[in-house]
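Going down the list, the sequences are from chains D, W and G.
Note that the numbering used here numbers the first sequence so that position 155 is 155, with each residue one more than the last.
Note that the numbering used here numbers the second sequence so that position 81 is 81, with each residue one more than the last.
Note that the numbering used here numbers the third sequence so that position 235 is 235, with each residue one more than the last.
Treat each hint with caution, since some may be false.
In silico DSSO-like links for lysine-lysine, alpha-carbon gap of 27 angstroms or less [unchecked claim]:
{"no.": "1", "chain 1": "D", "residue 1": "Lys414", "chain 2": "G", "residue 2": "Lys173"}
{"no.": "2", "chain 1": "G", "residue 1": "Lys268", "chain 2": "D", "residue 2": "Lys162"}
{"no.": "3", "chain 1": "G", "residue 1": "Lys302", "chain 2": "G", "residue 2": "Lys190"}
{"no.": "4", "chain 1": "G", "residue 1": "Lys177", "chain 2": "D", "residue 2": "Lys414"}
{"no.": "5", "chain 1": "D", "residue 1": "Lys81", "chain 2": "G", "residue 2": "Lys289"}
{"no.": "6", "chain 1": "G", "residue 1": "Lys302", "chain 2": "D", "residue 2": "Lys407"}
{"no.": "7", "chain 1": "G", "residue 1": "Lys190", "chain 2": "D", "residue 2": "Lys414"}
{"no.": "8", "chain 1": "G", "residue 1": "Lys289", "chain 2": "D", "residue 2": "Lys407"}
{"no.": "9", "chain 1": "G", "residue 1": "Lys178", "chain 2": "D", "residue 2": "Lys425"}
{"no.": "10", "chain 1": "G", "residue 1": "Lys190", "chain 2": "D", "residue 2": "Lys162"}
{"no.": "11", "chain 1": "G", "residue 1": "Lys289", "chain 2": "D", "residue 2": "Lys78"}
{"no.": "12", "chain 1": "D", "residue 1": "Lys220", "chain 2": "G", "residue 2": "Lys190"}
{"no.": "13", "chain 1": "D", "residue 1": "Lys162", "chain 2": "G", "residue 2": "Lys173"}
{"no.": "14", "chain 1": "G", "residue 1": "Lys302", "chain 2": "D", "residue 2": "Lys96"}
These are calculated hints, taken from the structure and not from any lab test.
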Amino acid sequence: MRSKWYSTLLSGLLLSAFSLPTAAYAQEAAPAAKPADGKAEEGKDKKKADEDRWLAVTNGDVYIGPGALLREATVLCKNGKIHKIGHDLDLPADTKVIDAQGMHVYPGLVSPSSSGLVGNTAGDFADTIDPFNRNMVLGLAAGITTTGVGNAAVKLKRFTIKDAQVRDRAFVTMVWSGRNPQGKKGLREKFVSTAEYLRQYRDWEERVKREKDLKEPAKKDVDPGILMVLRNEAYARFSANDRDDLLGIARLAQEFGFRPVIEGCTEGWTVADELGRAGAMAILTIRNQSPKDETLVRAGGSSIQNASILHRAGVPIAVVPGQDSVSLDGIVGRDIQHITVEAGFAVRGELPDDAAIASITTIPARIMGIGHRVGSIEVGKDADLIVTDGELLHYNTHVQWAIVDGKVAYDKEKEMFFAHIRPRKKSETSEVKLDKGETAPKPEDASKQDGDKPADGEKPKEGDTPKDGDKPKEGDKPEEKPKDGDKPEEKPKQG
Amino acid sequence: MNQAPKFHAALLTALALSGACAAPRGSSGVDPERGIALLESGDTGHAIVVSKVIACDEGDSVYSPGLVVTRNAKIEYVGPVRDVPAGYSYHDFRSAIAVPGMVDLHSHVQSGGFGDTNDMVMPVNPEYRASSALRPSNRLVKLACAAGVTTLFGIPGSGTSMSGFGILYKTKTSGTFEDCVLRNPGGLKVAQAYNPERRAGDLGQTRAGLAWILEDVNAMALGATREGRDDPALVNLQRVHSRDLPILIHCAGSDSFPAAARMWQEKYGTRCVLSHGCFDAHATAPYIVQTGAPINAGPRTMDYLSTRDGRITGTAAVYLAAGARNLSLNTDAPVMPQEELFLQGAMSAHLGADSYQMLRAVTIHPARSFGIDDRVGSLESGKDADVVITTGDPLDPRSRVELVLIDGQIQYNRGAEGQLF
Amino acid sequence: MILSLLLSSLAAASSDQGTSTPNLFALRVGRAETVSKGVIEHAVILVEGGKIITIGEDLPIERGIPVYDRPEWVVMPGLVSAYSRYSLDSEGGDDNSPEVLASIELYPASEELRKIVETGVTTLGLYPPGNGISGQAVAIRPLGETKEELILRDSAYLKILSRANGASKRAIKDGFKKADEYAEKEKKAKEKWDKDNAKKGSEKKEEPKAGEEKKEEAAPEKGGYVPPEPEPKAKPFVDLRAERLRAVVSIQSAAEYLHFLDAIGEEKFPWDLRLPITRESDLFYVLRKSEFELDVDGIGDKHVRCIMEPVLSVMPGTLRTRNLAKDVVAAGGKLAFIPRGDSFNDHRQWLANVGEVVSAGLDRNVALRAVTLEPASVLGVEQRLGSLEKGKDANMIFYDGDPLEASSRLKAVMLDGKFVFGEVKL
């Protein structure tokens, strides 16, 4: 129990760090710059140092947080954790080096739900996980390194059955639906009795220090799941789309002081401020279409801008595709393999790029209470990285390598699925023996991938996918945009 | 914002050269002598300045920055930025891109998602018209428009071998039947196999039976033509055989895909477009390309399960590699949502196809395959003014469609009415 | 080398026991695949009393010994089908019954059983049915009037089906837990015995002059500590640990290999793997640790013996074939083949199927070993049969050509020095 409390506390701290992205960047950059770590390492027991497992991703543009890109930097991983991030790092001998010259390095993606990626299993992972199954390879090829399965958070670790589960009971699933008023009433009553117990328990905890014989309050009508939620040990997860249900959940959350995770949340954009105030978090499928009920006066139905409106209201957004399993039937772009495409549609609805990347990395990690381990590239976090041949959200981008716990779990060239599509010029993975102080040699000719090629018949160049400068700024309301002919001074001369 | 000075420079150059600028030209070309016409009373016109025009014309013209001018229902001018006479509505989209309205030849959203696609009594229905089911400006059509899809071939389903004639129509968000129709009938829909199989035990349980059903009705139509017989049920099929109307053929797999090419392209010499081409049909790409029949791939654009070589194969990339000309993509909406036609291009590019060719595969290629390239599919003066303004790469899901003009009328304006998709 | 034989042997040769094959005779064949000692051209084999007395190239044969002279024949050891339900029909349930012996199912009068020798199979390993830990297999010779005559070795191996689920892994752990409990019990019993014995010893010291008879009485008592009998369900696991019993562990996929290793943990006992080669197999992932950065030793690294059908498999989801048998051997594993199924016809086709895998790249000698000596090792009877060696059972099969060629015909089968199939005249 104590360790659980501790981990909750720890993740709580990290969560607050996350809400200040620039601060987080400063945090992770600082230890990376310090050379002291490496020096201290040398002093350690030699035999132990020999057993250390080193992996370095070198020369890639490393995405270390919102708006923060380290160009041609190295991420050095030791025994499955990120050890250092920076330039011109000394790589220990026997470091496995992946040369990401001309490529991007992102944190491994996190999907709050999926099915089939770790085999046909829904729990009991240590005894059932299949680390060789095809869907795991395809999940990694999509960049996903951690996923929710049922209520647990599991890593896509290949070639081993050990330590796949990052967290059990990452969620407490709850039902709140206007179609079941009795259920709503029942849930609220459970919250009331559990909250009452918790109040009594905390009271007892204080008093028992003085009054030794005081009896611990009885766990009458206490729901263990709700207790976890009220103690902030796991988030409550609802599935709701209807505006009234969303408002009901928001009120429940505010009344009892917990943060709900709402999956679906189709009409969330109509009550974004209420959800933001209630501390709600949302798991969205951007392309879910549901028409407005035209008999209602109020706003309703789906909106492509759902994610951005909720984001502006302070609701953290995680994005999942419409189909949570791998589909190979020929229809492309809608299953779990296209989680980045779904995040791309959020950008279409004006979610900022960084928030869209967060929606498939840090936010889902945080929603599952594993933000202290995965979701971003920071010193001390799990070495879950993906190396891509282009921008993460660009449709032509392929994952070239996926690294889980500091081991290469996917190499596009070595798996049969995508190796034939725009193959890498040469295999950059190599075991290099380096002397102390020597860095890995850079390849002479790292030719640029044609992943960013624009669809315009011109030669590829930067800037065809809209850069930030070209975009309407976040917060620009459509109605604030200049109307036709508003700026006569910029009009071409007429007549 | 830093593009503003550049824009001015271009404008100044245009002014200095008084229209005789040496910008890249499309096949239609920019006639430097011909100015942009003055609007007469009752005329409407739009002048849209963009950072780039991707014209999708024969010469693969790109104008950056560029100008698209429409007058009434037609495109008046496409090219570098230049003077525009007074009276045109001016639209400043200097950080956006202009592309032609997209064309989908395999679509079933004419009824607005209310089914109404197949009449299953007879195996061949050359007398049927899908136009009866058209609900102009229905919700699905509006979404399509908001995504830049402006022309659809709305067709019956593939439940019967010859399921009737489809309608070519525009995705206007407001308009009457007459306003929307591009051509009616637009062409014939045939289902070669992989769905029209008649399970009740009558003729057409097998591929052989299905082929005979089609041969039989074709013989009737040809006979009527030969003998000068007037048969209202066959009159449109006769037009197909006289190459007046095209056919879209539902066919897939390495069996029915080439079977359709053999029957409709090689034997009857009709203007056929082979639609779907999914599963292992891509294995027959060299033969299909050699027959010259245009391919309209989708909604499945990937094959893994039938080839069994362990590869995830992008079928569009295979057809392109085999030399397919006028390869187009479809959504088979609502199988894939109609608004995601561009995503078919993006995903095909992801799986190895050239992204510019994929843009052409949703614009000029389908128009050309169906003989409507004189009207739609590219931005060229004289064509229908179907113009899409998007914030970036038109295949990128992140790009937003800002403005859609159909027949010179603004049918979707994100800035004014909010983002529909 | 000249054969020197006792006259008594000659005498014995004349007094044949019921069949037409004499007790002592010589075979002269074109070629002998000994499996253990390579190929012998123009081989001469001397058999007496059902055992191979000697084997060599062109050995002179003493006058008077009956000779089967078949220079056009190729001889090899009789086939050993070590993992089978041949002639048995029942299918078991899911419960764990490690104490069950397959030998209880034996039916000596079975026509089917007698017939199997016509396929060249002279040794069968029959396992008890079921999906969990279903019990212990029996090694038999297929011909005999009584069960005792059939059984070569009871408790030949413990059959374990190991799956990627909690119940299956727990069953294995529970088995060894029972063995732990027994070890504890045995330790206590030994302590008690030692204590009692010490007491007795001191009592004895008090008797300074004990008679010889008494000493003799005490002696068996002193060395006669008899450990308590383990519970029936614990005994197989006690035996595994003591290496009195082997295990055959059936896994279907790469994941199940890892889960099996996880289930046994640090436990040490002899085990072979049964790898059912379904069409698709991902077992190639777990052959070598170095190839895929496994965190455990692969099948090849551990030199595990793999029991599999002589078929090719495809990589999952594809038509890309893999010769898993060849891969196993290349990685350092051992190979024991079994027929593709349990039927008579499967057994008859067995060697031809093996020939196909050889033509797909498997080493020929490995293949021959994989149908004789290796399966004999699975059954723990490799000292007695499985190769053509001096002192081993005279189980031999004779072909009119290369045994691995589909066109070759099985001409005769010898079991324990008797022709049991084929018209063979002196």
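Given the hinted pair Lys190(G) and Lys162(D), is their Cα-Cα distance within 27 angstroms? violated, 39 angstroms
Could you grab the alpha-carbon distance between Lys414(D) and Lys173(G) and see if it respects the 27 angstroms cut-off? violated, 37 angstroms
With a cut-off of 27 angstroms on the C-alpha distance, tell me whether Lys162(D) and Lys173(G) pass. holds, 17 angstroms
Does Lys190(G) lie within 27 angstroms of Lys220(D) when you go C-alpha to C-alpha? violated, 53 angstroms
Quick one, are Lys302(G) and Lys190(G) close enough, alpha carbons at most 27 angstroms? Roughly 35 angstroms separates the two Cα atoms, so the pair is violated.
CA of Lys81(D) to CA of Lys289(G), is that 27 angstroms or under? holds, 22 angstroms
Next pair to validate is Lys289(G) with Lys407(D); report whether the Cα-Cα distance is within 27 angstroms. holds, 14 angstroms
Measure nothing beyond the straight line between the CA atoms of Lys177(G) and Lys414(D); if it is 27 angstroms or shorter, mark the hint as holding. At roughly 42 angstroms apart (the allowed maximum being 27 angstroms), Lys414(D) and Lys177(G) break the hint.
27 angstroms limit on alpha-carbon distance, applied to hinted pair Lys302(G) and Lys96(D): holds, 26 angstroms
Quickly compare the C-alpha distance for Lys289(G) and Lys78(D) to 27 angstroms and report which way the hint goes. Since the Cα atoms of Lys289(G) and Lys78(D) sit roughly 20 angstroms apart, the hinted pair holds (cutoff 27 angstroms).
Against the 27 angstroms threshold, does the CA-CA distance of Lys190(G) and Lys414(D) hold or violate the hint? Roughly 58 angstroms between the alpha carbons, so the hint for Lys190(G) and Lys414(D) is violated.
Given pair status - Lys425(D), Lys178(G), alpha carbons within 27 angstroms: violated, 58 angstroms
Of the hints listed earlier, those the structure fails to meet are numbers 1, 3, 4, 7, 9, 10, 12, in rising order.
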